[in-house]
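Chains B and H, in that order, are what the protein sequence lines are. Going by UniProt numbering, the first residue of the first sequence is number 1, and it counts up by one from there. Going by UniProt numbering, the first residue of the second sequence is number 1, and it counts up by one from there.
Derived by calculation from the structure, the hints in this document are not laboratory data. These numbers were taken from a predicted model, which means no experiment stands behind them. Fair warning: there could be bad hints in the mix.
[Said to hold, decoys possible] Non-contacting residues of chain H with respect to chain B, defined by C-beta distances greater than 12 Å in every case (computed):
hint : residue
1    : Leu29
2    : Pro45
3    : Val148
4    : Val258
5    : Val283
[As the list claims (entries may be wrong)] Computed, partial: chain B to chain H, Cβ under 10 Å:
hint : residue
6    : Gln65
7    : Thr72
8    : Ile90
9    : Ile98
10   : Gly182
11   : Ala184
12   : Gly227
13   : Glu231
14   : Thr239
15   : Ala276
16   : Pro350
17   : Ala354
18   : Pro356
19   : Phe402
[To be verified] Below, a list of computed lysine to any residue pairs in the SDA-like style, where the Cα atoms sit at most 20 Å apart:
hint : chain 1 : residue 1 : chain 2 : residue 2
20   : B       : Lys323    : B       : Asp43
21   : B       : Lys418    : H       : Pro42
22   : B       : Lys418    : H       : Phe136
23   : B       : Lys418    : H       : Gly23
24   : B       : Lys309    : B       : Gln77
25   : B       : Lys418    : H       : Ile127
26   : B       : Lys74     : H       : Arg211
27   : B       : Lys74     : H       : Ile47
28   : B       : Lys74     : H       : Arg59
29   : B       : Lys74     : H       : Ile127
30   : B       : Lys332    : B       : Tyr352
31   : B       : Lys253    : H       : Pro28
32   : B       : Lys418    : H       : Ile47
33   : B       : Lys253    : H       : Val48
34   : B       : Lys74     : H       : Arg39
35   : B       : Lys253    : H       : Ile127
36   : B       : Lys253    : H       : Pro147
37   : B       : Lys74     : H       : Phe66
38   : B       : Lys253    : H       : Trp67
39   : B       : Lys253    : H       : Phe136
40   : B       : Lys418    : H       : Arg141
Positions of the beta carbon are idealized from the N, C-alpha and C atoms, including for glycine.
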Amino acid sequence: MSLRNALFAASALALVSTAAQAETITIATVNNGDMIRMQGLTDDFTTKTGHTVEWVTLEENVLRQRVTTDITTKGGQFDILTIGMYETPIWGANGWLIPLDDLSEDYDVDDILPAMAGGLSHDGTLYAAPFYGESSMIMYRTDLMEKAGMEMPEAPTWQFIREAAAAMTDRDNDINGICLRGKAGWGEGGAFITAMSNSFGARWFDMDWNAQFDTKPWADTLNFYVGMMNESGPAGYATNGFNENLSLFQQGKCGMWIDATVAASFVTNPDDSTVADSVGFALAPDTGLGKRSNWLWAWALAIPAGTAKEAAAKQFIEWATSKDYIELVAEKEGWANVPPGARTSLYENPNYQAVPFAKMTLESILSADPNNSTVEPSPYVGIQFAAIPEFAGIATEVSQEFSAVYAGQQTVEEALEKAQAITNDAMEAAGYR
Amino acid sequence: MATQHSRSAARFMMAPAVILLLGWMLVPLVMTLWFSFRRFLPNRPDIVPGWVGFDNYVRFVTSSAFWPSVQTTLIIVGGALLITIVLGVLLAMLLDQPMWGQGVVRILVIAPFFVMPTVSALVWKNIFMDPVNGLFSHLWRAFGAEPVVWLSDAPLFSIILIVSWQWLPFATLILLTAIQSLDSEQLEASEMDGAPPLSRFFYIILPHLSRAITIVILIQTIFLLSIFAEIFVTTGGAFGTRTLTYLIFQRVLESQNVGLGSAGGVYAIILANIIAIFLMRIVGKNLDA
């Protein structure tokens, strides 16, 4: 065989083997801005690895149901799932996810923020890589605060927030002192009120898995929330979730908003927000009991056990949650739009430190501890949720009772009584009590 | 006339379609029945699935959420039927009149039927009923009134309104077709005999429409019993808007309790059949005429 023929054969062989390795992976993801941006940048992944990607993009609630059904029935529709901190430890414990304990050295797994890695692990093994992470914090209008003659401390109390909200409220000009989630759903109003209740000393369960809605801290939490929202909240707050409040804040109709730290980039973006140049940030409030009312969450990528494309899926996860990806987004869209909250190195980067909300986001994330979220000891992991499979169902029903209070359809006592019964019934049926 | 041979050939050729359709209905039905007698919690692999007899049925029907959800379902179905039939008759009579731009008006009236339930619920929620930015709130304020927080202050009425808006075109279309088949000589004769408009409506038009109204009631009831998207998008089952379908969805998908939810599914089938038999007995007689 001549040298020319040998080279030709070798090249052909190389091409064939590359083609054989190139896979098409199917990824289920949520329709959040950061994920949509990731889809737009997929070409970079395909160029680097030869693998192609098929996206199934769904609204958050629908995504949760689709991936949960797929994994519990071993449907095998997806090679990568976008899941959160609630599902990851439960599914990891069930053996439904492939452990991410052999990621490459370049990936630098130790750079992942400890709070994120902890929340996405089971028994110390990482089961999902954080695409972005968040806590919650106060976003407030600096101009309205000044007009009210008040100054926001870096770590305010709930009492201060209530007073500031009342001072900023201007019903004639359609300005509400504070906008908070009230919408039914465990991931909507349920998440907010649970995080808030932690700072009032409440918890979902005692150490024997008995519901705790008949205790004073829960009554205090709900009475305070309803009182403050009736004084200074927007009309119809019982149906407001993240998106509704974001829109109100961007339109200049809220003095304060306590919600996910990722919202900071939306409210400070002059293209979308009419108040972009007058937004300040502070830690979520407390009541002096040692717990603040901020939560911890990550949207993360995980590989379902049983996929035939594990290697390609791992390559994608490494690409999408790497330092290089962050640089890629920064280069194309600016530092304010990179996926936040996942890596320590991002917060050490001087370019990112110049972003106005970077410092407060990091402080909020660092102050959240899902393993120790309540004042009294509790048997569950999680801040705005309890990481047990039954929680989503129970908390959705409980939050529906709370929303009925916000709408003035029942009293706090009635709602708490029902919540107690719903929770204890479900826990009994599930064999916890 | 069909011969023995051609009848056999017809049966043979129809068999695949019949088997497919039977399977289409039977497989889910049998699976629902099967699961309803089992403890099946997909999220809890530590709990071994097993037979539980009628436990799921007892738990579903004794849960505090069951009767309120049946009641809500019936209120929504009844409310939407009432609105769509009354307005449907009126609209059908209006559209039957010769008028300028009749074609365009008819298309506009039936347009909501082509909008997906999820989209229409979102449009109503965000564009019309939003208490801050919604069209209704601006209207209310223009007249100096406090805006109504529709989805939490009048949740059932709001959902009935959204559903009725979607189903009105269907009722109108069926009723319009029926009105157009009314013999105009009959109406003219009664007019010449001096019958006032209201008498003409109650003694001639309404009896003529009774078959069409029956069809509207039967078809709409079947679809309205399983209404889901409008509730999912607007209230998420809060404020007393949890229908039986929504409760089953919560049990199966949110609580991941397939056994309990399946028992609920069987109850839903029974409820739908009771209502169907009831309707057939009361109003179905019209169809025989």
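Which numbered hints are broken by the structure, listed smallest first?
Checked against the structure, the hints that fail are numbers 2, 3, 4, 9, 12, 13, 15, 16, 17, 18, 21, 22, 23, 25, 26, 28, 29, 31, 32, 33, 37, 38, 40, while the rest are satisfied.
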